[in-house]
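Novice: Protein sequences appear in the order of chains C and U. Numbered by the working numbering, the letters in the first sequence go through residues 225 to 493 in order. Numbered by the working numbering, the letters in the second sequence go through residues 41 to 256 in order.
Hints may contain errors.
[Stated by the list, open to error] If you only want the chain U side, here are some residues facing chain C, beta carbon under 7 Å, derived: (1) Leu92; (2) Ala112; (3) Leu146.
[Unchecked claim] Chain U residues, not near chain C, derived (Cβ > 10 Å throughout): (4) Met41; (5) Asn46; (6) Ser65; (7) Ala156; (8) Leu163; (9) Ser227.
Derived by calculation from the structure, the hints in this document are not laboratory data. The beta-carbon is built from N, C-alpha and C at its ideal position, and this holds for glycine as well.
The primary structure of each chain is shown beneath.
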Amino acid sequence: MENTTIPISNFQLAFTVILVLITGGISSFLKLGLLKPLIWGTIRTFVQLTLVGYALTYIFQFNNLLLVIAIVTLMCYIASKTAVKRTPNVFNYPAMLAFASLLASTFLVGSIVTVLIIAPEPWYSARIVIPIFGMILGNAMNGIAISLDRLYSEVRSGSALIEAMLTFGATPWEAVQASVREAVRAGMTPTINSLMVVGLVSLPGMMTGQILSGADPRDAVRYQIVVMLMISAAVAIGCLILVGLSYKRLFTRDGALQQSILQSRGDTQ
Amino acid sequence: MHFQFNDITYTLGFSQSRQITVSGSVASGNILVVHGYSGSGKSTLLRILARLHPCEGGEAYLEGKSWLHIPATIWRASVHYLAQKPVLFEGSVASNLFKPFETRLLSKKRPAPEAARGYMKKLLLKESLWEQDARTLSGGEAARLAFIRALLIDPKVMLLDEPPAALDEESRRALHLALSQWLEGPSRAAIMVTHNDDYEGLRRVSFLDLGKQQRG
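Construct the complete structure from the given sequences, taking the supplied hints into account.
Specialist: Rendered as structure tokens:
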């Protein structure tokens with residue numbers, strides 16, 4: 225088997241204009257108003273990815289442990305900012321808590337994968353670590369955003385039940401048990417579902433990439449198995465940590481439900 | 041004094057907010073009825089006393105001990121607030137009645153099923169409801185279920201937020217009777233918010249008028 229990528233020349237890349245024209249044609253035909261974002265998005269795709277390509281080349285050559293850690297931490301930070309923006313039911317949530325949960329879950333699961341399973345030489349090899357951590361992070365980010373949003377919406381809709389639990393002498397943690405369970409479940413469900421259909425509905429991006437670059441599909445599949453399972457573990461840990469860090473914010477120091485949660489329910493006087 | 045609250049201060053409303061300061065007490069075996077027009081802050085007062093709502097000042101005492109020195113979880117199970125709208129959990133009537141004893145604090149106080157069945161009979165609830173899904177109960181049945189649950193918790197002070205609202209006259213009388221009998225036990229009292237002036241079957245009732253206190 226030929227073990228090389230077929231390169232795309234600049235001339236060949238220019239043909240992607242045809243694809244942009246198709247998308248733009250549909251947008252203007254249906255007056256979707258997507259033409260401007262499409263053009264802007266196309267330009268950004270070219271610029272961002274080209275820069276990332278150069279940056280990664282440099283980082284891979286340099287291959288320094290501290291640099292790798294710094295980059296992964298920065299990725300966690302950006303991901304946490306993005307995650308807290310995707311939660312319509314949550315206001316003024318501190319990105320620091322999302323950052324902490326992403327950092328912990330990504331580093332824990334990522335280290336298991338790079339040190340124990342893939343074990344490159346050296347173990348912090350940027351060529352392995354950055355894509356692996358990136359995949360973990362992308363999925364954990366979505367998971368915690370769903371979890372956080374669900375936690376708040378569950379507590380809001382179930383506030384009467386939670387207060388009743390408090391009147392039974394429950395601690396805040398006991399009182400929000402049902403909501404916490406729902407929140408973590410909601411965050412984990414998409415990844416668990418994807419375990420069921422992977423390879424049947426579509427070939428995952430990473431595996432596709434390896435096959436396109438000439439890897440033996442049987443090897444690519446082994447990588448994909450590792451990736452799927454590491455993503456599930458990272459999402460589970462990330463959701464659990466975030467919900468654990470978050471639930472106390474729903475209560476006052478005296479352990480009563482925050483009035484801001486109750487007022488949105490609208491039946492207290 | 042069994043239960044006492046001094047200068048409890050809180051603010052009502054958002055745009056035209058006004059501050060209320062209120063004091064009161066209730067002796068063991070007695071009922072304190074809180075009067076006041078709609079929106080005078082009766083429910084809020086009960087919620088503050090149950091430590092479910094923040095207040096700006098004042099202090100409450102249970103058997104002479106300040107709430108500053110009693111952990112919130114213990115306080116809330118001892119000064120038990122029964123919401124106006126009965127709260128029902130998923131599951132049967134029986135599982136709802138024993139829900140409080142799933143908390144760590146009350147897990148050792150779990151009463152026998154006979155006690156719960158006895159209260160059901162007293163509150164005119166049919167035996168056959170025991171296994172029924174609690175969410176299918178009528179408003180009146182749900183209110184009595186929540187009241188029985190409060191009796192089973194057996195707090196030191198019961199805070200009742202308009203318990204008879206959803207009840208017909210017969211069940212209301214049954215509730216008053218059960219409440220009076222419960223109050224005969226040692227170290228128990230009740231504070232009740234109510235709109236109607238039906239106190240039939242209740243003894244040793246004193247009154248607190250929120251409307252008057254805030255004008256003064």
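Novice: Please go over all the hints and tell whether each is borne out by the structure.
Specialist: Quick rundown of the hints versus the structure:
1. Interface restraint check: Leu92 (chain U) against chain C, minimum CB-CB distance 5 Å, threshold 7 Å, status holds.
2. Of the supplied interface hints, the one on Ala112 (chain U) holds, with its beta-carbon coming within about 4 Å of a beta-carbon of chain C, less than 7 Å.
3. At about 5 Å, the closest approach between the beta carbon of Leu146 (chain U) and any beta carbon in chain C falls short of 7 Å, and the interface hint on this residue holds.
4. Distance check on Met41 (chain U): its Cβ is at least 23 Å (rounded) from any Cβ of chain C, clearing the 10 Å threshold; non-interface status holds.
5. Chain C leaves Asn46 (chain U) outside its interface by the beta-carbon criterion, the shortest separation being 18 Å against a cut-off of 10 Å.
6. With 10 Å as the threshold on Cβ separation, the claim that Ser65 (chain U) sits away from chain C holds: the shortest Cβ distance comes to roughly 22 Å.
7. At the 10 Å boundary, the C-beta of Ala156 (chain U) stays outside the reach of chain C, the nearest C-beta of that chain being 15 Å off.
8. The non-interface label for Leu163 (chain U) is consistent with chain C: the shortest C-beta to C-beta separation is roughly 19 Å, beyond 10 Å.
9. With 10 Å as the threshold on Cβ separation, the claim that Ser227 (chain U) sits away from chain C holds: the shortest Cβ distance comes to roughly 17 Å.
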